[in-house]
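Number of protein chains: 6
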Amino acid sequence: MRLPRFLTPSTVASAHCDLPCGVYDPAQARIEAESVKAISEKYQASSDPEFRTRALIIKEQRAELVKHHLWVLWTDYFKPPHFATYPQLHALFNEATKLAGAGGSKGSADPAVADQLLQKIEEISKIFWETKQA
Amino acid sequence: MRLPRFLTPSTVASAHCDLPCGVYDPAQARIEAESVKAISEKYQASSDPEFRTRALIIKEQRAELVKHHLWVLWTDYFKPPHFATYPQLHALFNEATKLAGAGGSKGSADPAVADQLLQKIEEISKIFWETKQA
Amino acid sequence: MRLPRFLTPSTVASAHCDLPCGVYDPAQARIEAESVKAISEKYQASSDPEFRTRALIIKEQRAELVKHHLWVLWTDYFKPPHFATYPQLHALFNEATKLAGAGGSKGSADPAVADQLLQKIEEISKIFWETKQA
Amino acid sequence: MRLPRFLTPSTVASAHCDLPCGVYDPAQARIEAESVKAISEKYQASSDPEFRTRALIIKEQRAELVKHHLWVLWTDYFKPPHFATYPQLHALFNEATKLAGAGGSKGSADPAVADQLLQKIEEISKIFWETKQA
Amino acid sequence: MRLPRFLTPSTVASAHCDLPCGVYDPAQARIEAESVKAISEKYQASSDPEFRTRALIIKEQRAELVKHHLWVLWTDYFKPPHFATYPQLHALFNEATKLAGAGGSKGSADPAVADQLLQKIEEISKIFWETKQA
Amino acid sequence: MRLPRFLTPSTVASAHCDLPCGVYDPAQARIEAESVKAISEKYQASSDPEFRTRALIIKEQRAELVKHHLWVLWTDYFKPPHFATYPQLHALFNEATKLAGAGGSKGSADPAVADQLLQKIEEISKIFWETKQA
Numbered sequence: 001m002r003l004p005r006f007l008t009p010s011t012v013a014s015a016h017c018d019l020p021c022g023v024y025d026p027a028q029a030r031i032e033a034e035s036v037k038a039i040s041e042k043y044q045a046s047s048d049p050e051f052r053t054r055a056l057i058i059k060e061q062r063a064e065l066v067k068h069h070l071w072v073l074w075t076d077y078f079k080p081p082h083f084a085t086y087p088q089l090h091a092l093f094n095e096a097t098k099l100a101g102a103g104g105s106k107g108s109a110d111p112a113v114a115d116q117l118l119q120k121i122e123e124i125s126k127i128f129w130e131t132k133q134a
Numbered sequence: 001m002r003l004p005r006f007l008t009p010s011t012v013a014s015a016h017c018d019l020p021c022g023v024y025d026p027a028q029a030r031i032e033a034e035s036v037k038a039i040s041e042k043y044q045a046s047s048d049p050e051f052r053t054r055a056l057i058i059k060e061q062r063a064e065l066v067k068h069h070l071w072v073l074w075t076d077y078f079k080p081p082h083f084a085t086y087p088q089l090h091a092l093f094n095e096a097t098k099l100a101g102a103g104g105s106k107g108s109a110d111p112a113v114a115d116q117l118l119q120k121i122e123e124i125s126k127i128f129w130e131t132k133q134a
Numbered sequence: 001m002r003l004p005r006f007l008t009p010s011t012v013a014s015a016h017c018d019l020p021c022g023v024y025d026p027a028q029a030r031i032e033a034e035s036v037k038a039i040s041e042k043y044q045a046s047s048d049p050e051f052r053t054r055a056l057i058i059k060e061q062r063a064e065l066v067k068h069h070l071w072v073l074w075t076d077y078f079k080p081p082h083f084a085t086y087p088q089l090h091a092l093f094n095e096a097t098k099l100a101g102a103g104g105s106k107g108s109a110d111p112a113v114a115d116q117l118l119q120k121i122e123e124i125s126k127i128f129w130e131t132k133q134a
Numbered sequence: 001m002r003l004p005r006f007l008t009p010s011t012v013a014s015a016h017c018d019l020p021c022g023v024y025d026p027a028q029a030r031i032e033a034e035s036v037k038a039i040s041e042k043y044q045a046s047s048d049p050e051f052r053t054r055a056l057i058i059k060e061q062r063a064e065l066v067k068h069h070l071w072v073l074w075t076d077y078f079k080p081p082h083f084a085t086y087p088q089l090h091a092l093f094n095e096a097t098k099l100a101g102a103g104g105s106k107g108s109a110d111p112a113v114a115d116q117l118l119q120k121i122e123e124i125s126k127i128f129w130e131t132k133q134a
Numbered sequence: 001m002r003l004p005r006f007l008t009p010s011t012v013a014s015a016h017c018d019l020p021c022g023v024y025d026p027a028q029a030r031i032e033a034e035s036v037k038a039i040s041e042k043y044q045a046s047s048d049p050e051f052r053t054r055a056l057i058i059k060e061q062r063a064e065l066v067k068h069h070l071w072v073l074w075t076d077y078f079k080p081p082h083f084a085t086y087p088q089l090h091a092l093f094n095e096a097t098k099l100a101g102a103g104g105s106k107g108s109a110d111p112a113v114a115d116q117l118l119q120k121i122e123e124i125s126k127i128f129w130e131t132k133q134a
Numbered sequence: 001m002r003l004p005r006f007l008t009p010s011t012v013a014s015a016h017c018d019l020p021c022g023v024y025d026p027a028q029a030r031i032e033a034e035s036v037k038a039i040s041e042k043y044q045a046s047s048d049p050e051f052r053t054r055a056l057i058i059k060e061q062r063a064e065l066v067k068h069h070l071w072v073l074w075t076d077y078f079k080p081p082h083f084a085t086y087p088q089l090h091a092l093f094n095e096a097t098k099l100a101g102a103g104g105s106k107g108s109a110d111p112a113v114a115d116q117l118l119q120k121i122e123e124i125s126k127i128f129w130e131t132k133q134a
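Protein chains in written order, with my numbering: chain A, 1 to 134; chain B, 1 to 134; chain C, 1 to 134; chain D, 1 to 134; chain E, 1 to 134; chain F, 1 to 134.
Errors might be hidden in some of the hints.
Copies of the same chain look alike in the list, so a pair counts if it fits in one copy or across any two.
In silico DSSO-like links for lysine-lysine, alpha-carbon gap of 27 Å or less [what the hints assert, rightly or not]: (1) Lys126 x Lys79; (2) Lys79 x Lys132; (3) Lys98 x Lys126; (4) Lys132 x Lys98; (5) Lys98 x Lys79.
Note that these hints are calculated values from the structure, not bench results. All values derive from a computational prediction rather than experimental measurement.
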């Protein structure tokens with residue numbers, strides 16, 4: 001769960017580019033992961049070989065974006081004090097990005113795998129928004 | 001304003017890749033535009049020439065992403081019936097993408113220009129969520 | 001056959017990057033669309049599964065470039081007076097980019113769909129060159 | 001002015017992706033090089049430091065595209081018999097791509113350097129169209 | 001000088017794409033970081049504003065590649081048993097990617113910062129090759 | 001096994017970006033080509049259609065990177081005196097990049113084709129290191 005946007009102070013800064021601009025939001029990873037899940041569902045529901053090939057092509061790209069957005073949060077947003085407060089955070093990101101890769105939703109078109117990925121992103125998101133309020 | 005996520009039915013689908021997956025969200029354009037605004041503010045606040053050059057490099061990339069995300073919504077999400085219902089929609093997207101480009105927040109590091117861009121995105125977002133509920 | 005370059009006036013200008021440089025040319029979209037058509041023809045003519053998978057991978061990329069080049073023309077080259085003179089222009093671009101996407105030549109490997117895309121680009125090109133002479 | 005498309009024979013084929021699709025056209029490199037030249041002219045004509053920084057950012061990208069389009073022609077379109085017929089072709093491409101790079105129009109914002117690049121592309125284009133007619 | 005290739009056992013495998021192919025090599029990150037260092041040195045040695053702007057543009061790209069190659073190693077090559085054996089590994093990668101980003105060699109054109117980055121990559125490389133021999 | 005870094009002279013320079021930074025290394029092309037070979041082997045060893053489609057997607061990307069890294073060496077590192085000393089160099093690069101493309105390891109998933117590519121890269125690498133010592 002995320003604070004509705006009208007409750008987040010406009011000064012809530014973050015940074016998702018490397019200026020850094022200070023605008024981070026786990027929604028970026030989540031949206032791509034939702035796409036991965038939807039693609040997996042459509043893949044399973046289709047028997048058209050052209051559609052299924054396209055689904056695998058596009059799922060590969062979207063899962064790569066999940067990895068990228070998560071890596072950016074892990075390296076650019078989270079700082080040593082966060083890792084001290086949340087000792088599981090390193091492993092959580094490592095598992096989440098693995099779940100977006102070959103051993104997860106890249107290697108599998110099973111929507112259940114995409115769901116596991118979404119759950120990990122939700123765990124990260126929860127911690128993210130806690131640190132924003134701290 | 002957007003419905004808080006826990007109020008949006010999990011079946012709220014959309015599609016932001018060209019499968020299409022059915023996962024669209026104007027938040028993607030908005031987050032990049034918020035980055036453009038934050039970069040512009042930091043640019044104005046700095047007198048370090050290296051920092052300012054980096055700010056222009058990164059603003060160029062982020063504004064390009066704004067354009068891309070808006071173009072995808074315009075071409076891939078919105079359908080002829082939407083354009084019939086919202087006759088201003090074509091011009092709105094054209095103005096918004098121009099505001100992200102050379103005549104807008106690429107060509108200018110004025111946060112007020114980025115604010116105009118964010119307002120256009122908010123107008124688009126409002127229409128988007130109306131069509132999702134229809 | 002093409003007009004030899006020494007017969008094309010050096011003042012033929014345009015603009016396709018966001019400086020803007022002022023160098024626009026619908027040929028960029030057309031060349032990619034011709035590629036999409038040729039890929040579709042080769043796809044239909046082949047029964048080699050590896051070749052056909054590669055054709056779908058590459059057609060996806062080329063069709064994305066068609067969309068991008070058209071979006072750039074629509075946002076960056078055409079100005080409000082053009083849209084006033086050509087009231088069909090917004091819809092024309094929207095239909096053309098849709099024809100390059102999932103509902104068109106991305107979703108289909110039918111050369112006839114690529115032909116429809118080429119015709120839309122030709123319509124745009126005709127208007128483009130009229131505006132250059134105005 | 002350009003030859004209207006209905007006067008260009010539909011059999012003008014080529015190939016620019018690695019399927020290969022068979023659609024090659026040196027116009028792709030030329031258009032980007034014209035952009036590089038126009039950017040250089042605008043750079044020289046401006047004294048606005050923000051504009052000039054943006055010009056260098058964008059010129060870098062456009063010149064990279066020139067290199068890419070030329071490399072594709074050299075590797076993918078031209079075949080051993082062409083190199084036998086045009087023994088200068090290897091050096092011509094090497095010089096042209098160098099003129100697009102650090103020692104040429106990337107490293108310099110002098111429009112005269114961009115002109116040299118355009119002349120090399122014209123030489124390549126002339127040979128290209130000769131081989132298409134052979 | 002490098003070991004001639006015929007002396008490197010053909011079984012030296014690794015994996016750097018998400019098939020995964022099994023071909024990983026920290027040299028990819030190191031080469032980009034060496035580029036970052038060389039760019040920083042040339043930046044400091046030059047007083048030409050065009051050259052310096054280009055140096056910042058390119059350094060940004062190369063440092064981004066350092067981050068990407070390191071992230072791939074961290075997520076795709078290293079497995080839970082490695083993290084158990086090398087408990088410092090998570091922090092090491094986090095620090096190394098931070099040193100490639102805004103707080104490190106993106107934000108600074110100081111060759112000493114690039115040197116710190118190279119040292120972190122060397123630490124990672126040492127562990128990497130130990131795990132390959134295990 | 002690789003030579004430990006502390007044994008490689010720090011003066012081993014090169015240059016792989018277009019500043020130029022002076023950091024070139026044929027290892028970049030070789031690592032991608034090793035990936036292409038490993039992907040081809042895994043493709044042949046698998047009968048899983050999803051895995052095989054993913055292998056073709058990723059092989060396409062990796063082979064493109066091989067072409068890019070080779071093109072950069074050919075245009076940016078090698079200079080006219082090198083081409084005078086090694087008259088076969090142009091053809092060697094042309095053949096190597098063709099072997100990475102549609103007529104080579106893009107068009108074929110035969111590991112033997114990837115091996116031919118690796119051999120060409122090794123020939124280039126040998127010349128490269130000779131010129132570095134000259």
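| said: Hints numbered earlier in the text: which of these fail when held up against the supplied structure? | reply: Hints that this structure does not satisfy do not exist here, as all of them hold.
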